[in-house]
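Peer 1: Below are the chains, spelled out letter by letter.
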Amino acid sequence: MPGGDMAKPLLGRRNMESNPDLAPAAGRTVGILGSGDFARSLATRLVYSGFQVVVGSRNPKRCAGLFPSAAEVTAQADAAKKTDVIFVAVFREHYSTLCDLTDVLAGKILVDVSNNTEINHHKESNAKYLASLFPACTVVKGFNVLSAWTLQSGPRDGNKQVLICCDNQEAKRIVAEIAQVMGFTPVDMGSLSSACEIENIPLRLLPAWKIPVFLALGLFLCFYTYNFIRQVLHPYIREQKNKFYKIPVEVVNSTLPCVAYVMLSLVYLPGVLAASFQLHYGTKYRRFPDWLDQWLQHRKQIGLLSFFCAALHAVYSLCLPMRRSHRYQLINAAVKQVMEKTDAWIEEEVWRMEIYVSFGIMALGLLSLLAITSLPSIANSLNWREFSFIQSTLGFIALVVSTLHTLTFGWTRAFDENQYKFYLPPSYTLTLLVPCTVILAKIFFHLPCIHQRLRRIRNGWEKGRYVKFTLPSATGEYSSGESSSNV
Amino acid sequence: MPGGDMAKPLLGRRNMESNPDLAPAAGRTVGILGSGDFARSLATRLVYSGFQVVVGSRNPKRCAGLFPSAAEVTAQADAAKKTDVIFVAVFREHYSTLCDLTDVLAGKILVDVSNNTEINHHKESNAKYLASLFPACTVVKGFNVLSAWTLQSGPRDGNKQVLICCDNQEAKRIVAEIAQVMGFTPVDMGSLSSACEIENIPLRLLPAWKIPVFLALGLFLCFYTYNFIRQVLHPYIREQKNKFYKIPVEVVNSTLPCVAYVMLSLVYLPGVLAASFQLHYGTKYRRFPDWLDQWLQHRKQIGLLSFFCAALHAVYSLCLPMRRSHRYQLINAAVKQVMEKTDAWIEEEVWRMEIYVSFGIMALGLLSLLAITSLPSIANSLNWREFSFIQSTLGFIALVVSTLHTLTFGWTRAFDENQYKFYLPPSYTLTLLVPCTVILAKIFFHLPCIHQRLRRIRNGWEKGRYVKFTLPSATGEYSSGESSSNV
Amino acid sequence: MPGGDMAKPLLGRRNMESNPDLAPAAGRTVGILGSGDFARSLATRLVYSGFQVVVGSRNPKRCAGLFPSAAEVTAQADAAKKTDVIFVAVFREHYSTLCDLTDVLAGKILVDVSNNTEINHHKESNAKYLASLFPACTVVKGFNVLSAWTLQSGPRDGNKQVLICCDNQEAKRIVAEIAQVMGFTPVDMGSLSSACEIENIPLRLLPAWKIPVFLALGLFLCFYTYNFIRQVLHPYIREQKNKFYKIPVEVVNSTLPCVAYVMLSLVYLPGVLAASFQLHYGTKYRRFPDWLDQWLQHRKQIGLLSFFCAALHAVYSLCLPMRRSHRYQLINAAVKQVMEKTDAWIEEEVWRMEIYVSFGIMALGLLSLLAITSLPSIANSLNWREFSFIQSTLGFIALVVSTLHTLTFGWTRAFDENQYKFYLPPSYTLTLLVPCTVILAKIFFHLPCIHQRLRRIRNGWEKGRYVKFTLPSATGEYSSGESSSNV
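Protein chains in written order, with the UniProt record's numbering: chain L, 1 to 487; chain E, 1 to 487; chain X, 1 to 487.
No lab work stands behind these hints, which were simulated from the structure alone. Don't take every hint at face value.
Each pair may be met inside one copy or between any two copies, as identical chains are not told apart.
[As the list claims (entries may be wrong)] Below are the DMTMM-like pairs computed for lysine to aspartate or glutamate, each with C-alpha atoms no more than 25 angstroms apart in a straight line:
no.	residue 1	residue 2
1	K243	E349
2	K442	E118
3	K336	E348
4	K123	D167
Treat the numbers as computed from the prediction; the structure is a model and nothing was measured.
With the sequences and hints as input, model every part of the structure.
Peer 2: As structure tokens, then:
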């Protein structure tokens, strides 16, 4: 970004200057207690943004050199005296060491910028704890979502929100103003009781991905075991054939498409369930059960994991002819051929493979379009109809093409007795269950009678109730066009 | 996004509060007529943003539970009385049911948030129609580009523009203010006659992609037919050989590179035509014909489709050795070899393939760089020179490398009589026409004499006219550096 | 973007209108000297944003038609008289032609929008030069980072910063205000001496990529030569075998993984060096040497190039079985097999390849996750902990998996005399040096005693000094959580 480091928000500053009655934020004196990394980055940014900065340290002499020269580094009590807004950049464990300052701090605004190392580590949020130690102060929680690095390098596009909460509106306004002059976007999170939530944000580790990842791992494990038994264990036990070399590549490559395919159908299953739910209760005003709500919200992650598995399956498949085992098998087949003097060409096998390879590539191409439009910067440039066309319509076509890929891969093997190892059917037959249910349900919901009923429900119509006491014109109440987005 | 749901724009609210003479937006009472999805989401968002909300419903009792408790749900006439700004969240078909309210609504601002289900469904925009029904009201069009979901979940990065149009500046200002306090970015679209355009926006389905996609499909169809005749029909008719198994994979894989290659050259052809146009007329002030303008604007989409086809071609090619047919052919070749006792190694064939595979990978690598820098978030982080270097220079190198790939693939086959099936030349010779023209034209435009003339034209020089009555110094008028961006 | 062209920032305008004492920006008369592309685009944008525009041209009659009709096109002196803020859209070479206007321009604000064609082409920035020609004017540098195209099509998301510098605060404020009303984000770059820096920005060509790209090219060249000697030259000289066909594909494909693997380890090496540096000096307050700082800042680019090489390596590898040479070798092997009547199956070779292919795919999968999260729009949606988990933890796992891939690829060949061609060890043994060092160092730093010492240093502890004169509680000074981000 051009001029990242030196970027000072002209607008913010100007606004302040032009409204002198507002106690202009820039030019204001701001205090910082503490001299760690965060304190230093904060001081640097505040100085850049035109504030007077007073740093209160236990050891002002030693620390002075670490702060920008425009900041005044002095004793804690001295710093606290000089300003009304004080950033407390001290670990929670050491809040109590500030208690000597209780008198000097009385009536001032304390900004708690601390984070914890674990989610919900303490019963009480750090900010609440600080407030309980200094009842005469107004504690504002904020700035903790920023890293010292972001503070120093200046706000970039996107990640520049500063979540703020406080019980006092005026104090919140002042701190929000400071954040804005520093180039960040203050976001009001309400009263100080939200501090706990704000403190947990920087500790979150991809929470939306947890369930989908475990789901994918679970499916992988199940299908891997199943395929291992059929492809490796069965020939070893029944025919004493050593097929253990299949463990790293071939068994994985039979497992990945199962996972990808089932996961893809799990993206469209909750929409089908939601529609059935609405049809059954004859209303859209009844809340979905929680598990369905959760599921609907995780569809994007499940879809992306499905694409990831499908892409890995493609790479594994492409690697197959590169391997030694493939080479040796080919040579041995050629040698056998020479001995038997027959022609190696089974027309049916050729067709089967040409077709399923072809469907596989198509499905992968469609899924990659879905994955690309899931990127935030592309999703933001689409209107709702475009997004829904790609994610819902193209996605469903991808599911259908995947089903054709699976069916042509399977061909007639589901009806071949030899394919039932230990009475276990080929794994592709198992994977077909959920997707086919989804596809059939979708077709069912598109039958004219059902489709119309569903549309009426989504436009606000209700079973029973409606007929009795509302006017027909009431259906005219405007409902946004995305009614079909959940299906 | 952290705190998405609860995000209230502090800045907006503060600005309002500090300018009390402005009739502060937040805290203002806002009315909503209607009780559908959109009305509910709108009410929720307005309440979050600090507005007093009055909902007018035909059936207040039944609907009250569906709205946030802070919103007052009452009869339509009652709601209309209580406020000056009223959102009309009712389908166009039911506007006339509001006619009872004509007197109460007189002099108020009506915000039309409706959408249509088809582009240009009605002659008159919904907003114009509403204005004709309520001539005593000021109608503002706006908020229709938002989905109910966006309204409820709060504005995210990017997709938060609210397009507004109105004949009355003051009414437009007030509604823009409300949008801004709600966290959206109001965009002034001028007078109410723009309402039609605004109403069409949510109905657009990737308009910029339509022509490029049809172009790609058209090219695919032509080349597929051509290749089908040469590769499948010819051996069947002339030699009674059954090559129909080539339909799903091999014919597709000969077609895709043709499409990708021609499309890539079509990205650079309009620039060449534009330069010829400028050279011919000796001025840059003459507008390009419309078709050329359109073409220049679709280059990005054509380029991305070219990359998509190239990527599919790569995947298809990589699948070739995985197929049964390949396996059978190999074995049969080995068996034949054994019978004939010769050595299978044609040095020329080996070299041809090593080189064209190598060029193919290079071209794909370059195209993938182009595709990545087309992502909005990356394109935005590049300055003009960087963007032009990648898209124009690297892109042209990709075209040259693709040409080398095609030429080495073809080798001497263009001069081999046996390759002319039904007198049809190999398809690669056909695809070479446009790209080679583009490359030669580019080289021609870089000849010193032509290049200088072109540069002078792009700096404002004009044939004939200029010499006569302008001072030489007039060429000093500053022209931005991107003069070559169109070529 | 909806309504891009017509987008007028309502907010900006309103703000101006509501503070009439501020000399409202919109509605203000703005002058432009020059009639090139940039002048025209600027005029168009200013008119759209509600400004009165006066264009001063040497030849008003001829130029009038090129400007929007709302703009007044007149003689230069006339235009200069009518306004206080004048954009100078003239090439630096022709600044001196404006000297006739010295008297009319006195006391006015001149906005220098010019760019150069080369970095640091002139000793003095264009703005400084303009200021020296017109000492009675206030020169503001700005708007040069915009292209004429951006000006005309209106600001888009992201790339809408306007860097401004000037010695006079009031003039800077006025120009910043104009930029803001036009929909851009003004960024204060300080005094006019920064003009040089601002003028260089549009000329930058991916500066952050220069060193990493040269590093990758250098490594490629070294390893290519090394592999060429071992794989092509050695068999030719020692055994008179013609292996030159390996030049385009096979030698490249042995070189790419070496580059990718070494580059990946170079991403993690500077972190290890930084930790060693901190451990050695026992403090984190000592600045890293410049080369280390530079290196730490280029890790992202080095990592992405590593991924690019790894992806190319994957494509090359997948192409191997597709080639003629592979086909001929297979057939010949089959023929040889038939003659010798043995079974082609070396269990160890099969296992080696299955395992290293498997590790290779895993490493590529992990690296692709890293590459995706490097996209700006995704990186911005992650908090620091998530970003560090993916880039640091997953990245290190990718390094370990790559090492396993390399080791299983190598198998026992490092101990096989025949592999030492011209006494040169196999290239994979060379590539293992840096990565293994990094992995061992990482393990070493995770030994409890070392880890604890490192953590204490990163929390502010210092060797020697600390023990003597600071209180234990001083360690409580708040340090941001990202202390481990550099390792």
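Peer 1: Hint by hint, note whether the structure agrees.
Peer 2: Checked hints:
1. Taking the shortest alpha-carbon separations for K243 and E349, both the intra-copy value of 23 angstroms and the inter-copy value of 14 angstroms come in at or below 25 angstroms.
2. Taking identical chains as interchangeable, the C-alpha atoms of K442 and E118 lie at most 25 angstroms apart only when they sit on different chains, with a minimum of 24 angstroms there against 44 angstroms within one chain.
3. In the homo-oligomer, the alpha carbons of K336 and E348 lie at most 25 angstroms apart both inside one protomer (21 angstroms) and across protomers (23 angstroms), since each shortest distance falls under that limit.
4. For the identical chains of this complex, K123 and D167 are intra-copy neighbours only, at 19 angstroms inside a copy versus 53 angstroms across copies, given an alpha-carbon limit of 25 angstroms.
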